[in-house]
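Protein chains in written order, with the numbering used here: chain A, 794 to 1059; chain B, 12 to 323.
Every clue listed holds true.
Per the computed footprint, the stretches of chain A lying under chain B, defined by three or more beta-carbons under 8 Å from a beta-carbon of chain B, are:
id : segment
1  : 892 to 900
2  : 903 to 909
3  : 981 to 995
4  : 1019 to 1027
5  : 1034 to 1047
It is worth saying that the hints were derived from the structure and are not from the lab. We put the CB at the ideal spot given by N, CA and C, even for glycine.
Listed here are the chains, written in short residue letters.
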Amino acid sequence: MRRLPWLGIGLLLLMALAAALGPELWSQDAYRQNYARLYAAPSPENPLGTDNLGRDVLARVLLGGRISLGIALAATLGALALGLVGGLVSGGRGSVADLVLTRLSDALLAFPGFLLVLLVVVILGNGALQTIAALAISGTPLFFRLTRGYARSILATEYVTAAAALGATRARILPRHVLPNLFGPLLVQAASVCAAFLLVEASLSFLGLGVAPPTPTWGNVLQDARAMLTRQPWAALGPGLVLGITALGLQLVSDGLRDRFDPRAR
Amino acid sequence: MLRYLLSQSASLLITMLLVIAMVFFGMRLLPGDPAQIRAGLDATPQQVESTRRALGLDRPLAGQFVAYLGGLLQGDLGRSWRQNQPVTVIIASRLPVTLLLAGCAYLLSLLLGFGLGILAGSLPGSGWDRLVRGYTTVGLSFPEFWIAFLLILVFSVNLGWFPLLGYPADAPLPTRLMHLALPALTLALPRSAQLARLTRALLIGERTADYVRTARSKGLSVLAVTRHITVNTLPGTFPLAALELGGLLTGVIIAEQVFSLPGLGQLLLGAIGARDYAIVQGITLLAILVFTAVNWLADLAQAAADPRIRYS
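Construct the entire structure; sequences and hints are all you get.
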């Protein structure tokens, strides 16, 4: 069991490396269309075959990884930052700010599944930044509730009372006593939220609501492969496996961190 | 309990109002002038203005919102600008496919999720347990539409067990179910993985309880002990089971798109493409209403089934 998180970290490092260096090292261009080689099967020249416009699928997966991973990561960090700040400000104290933020978070959580992401993208329009914003908004309540819950229970502990009795202000208690205790749970949450964002981003692209083509994202590559699914299944299998393995790596890391930070959940 | 229910209902009402306001004003942020769209691109400014008045869009936003709320209370979701029909009528015409699909998917995910979770949770460390644990991790790592691709390739293309795409709305139920089998399985797999994971964890946590040791030491069979544990832990899965149903509400959009099923999801995507906002708004509110109601019921059911949970 202990080895699995390391497998996850290994998988993630591999994907990050491929996304960072792959587009520079692989000689084929992700945008160059070749009408003489539409729907080509895997070959030494195109290890993952070519797509509906004769573009090299491997080049598109490599560059798409950069964009998809970047979107998921940026959205996770955005949601984490917003949720953390909101949660610390509210602190579960029943103040006006707490009441307003909790209501807002409840309202956002009332949208089932990825409906909120879908609507925000429809309102903001297609694009990488819009997708990041939509994902970040939908993820914020998760981090907010986590932070608020922990902050609330930590603020009620005796050592915080003791610190306050010694004259520590809120501005000292929050970063020094509350924040360090939040690190583990937030990291666990962030890893699994990032995995979920990867899948949602791919689904958005699949529905034609993500980053607009011809920019490759993993979702766009899979969407391009859909039309020829029954005859050229490899065009969908390779990119899908890459996406799934990345999400799997994030899940394994999240599980490993959970075991590490919360021994009861084992 | 009654007091809890009342305060809970009040807070639910506030949340719902906030959500309705968010959706209503969010839709007004969208680019494009509905009056212009409705009147047609070659309409004169006078025609556009009269259309605007007819749609009530010339009134202040707050007034429009109040009128919309009033309509909602009477079950009126507005009219589609494109099809010139009440949104409720359009939604009702698409509802049967989506309901049948979501129902089948949900049933499948509960059966698979509880079945696998109980199997793994009552035999921790066994080969079965490892298998289920692998399934729960892998099942959550792939997008639904890609799982659908795999199912199509294996069961429709290679084995030919199920029809490829489409939905014969007038065919007898068994034929329609054959068309819904793969979409339902697509949606059920990731959800059952999540449910199995939680069920397993709850079961394993309960195994160390005193009454389990007593039951074992007095010689009860493994099956009987498992039954006791399961009955005691299942209420803990209700909230997740409700969340899963919420995920299904958007999952059907993907499944209907992959398998070309003429349901609510296709209606929503079409309405988004055509900027028919009354329909987008209507479907959104319906989904939120169902989701909120289900979550609320799950909480109540959990409290009713588990005497340790008492709301006050």
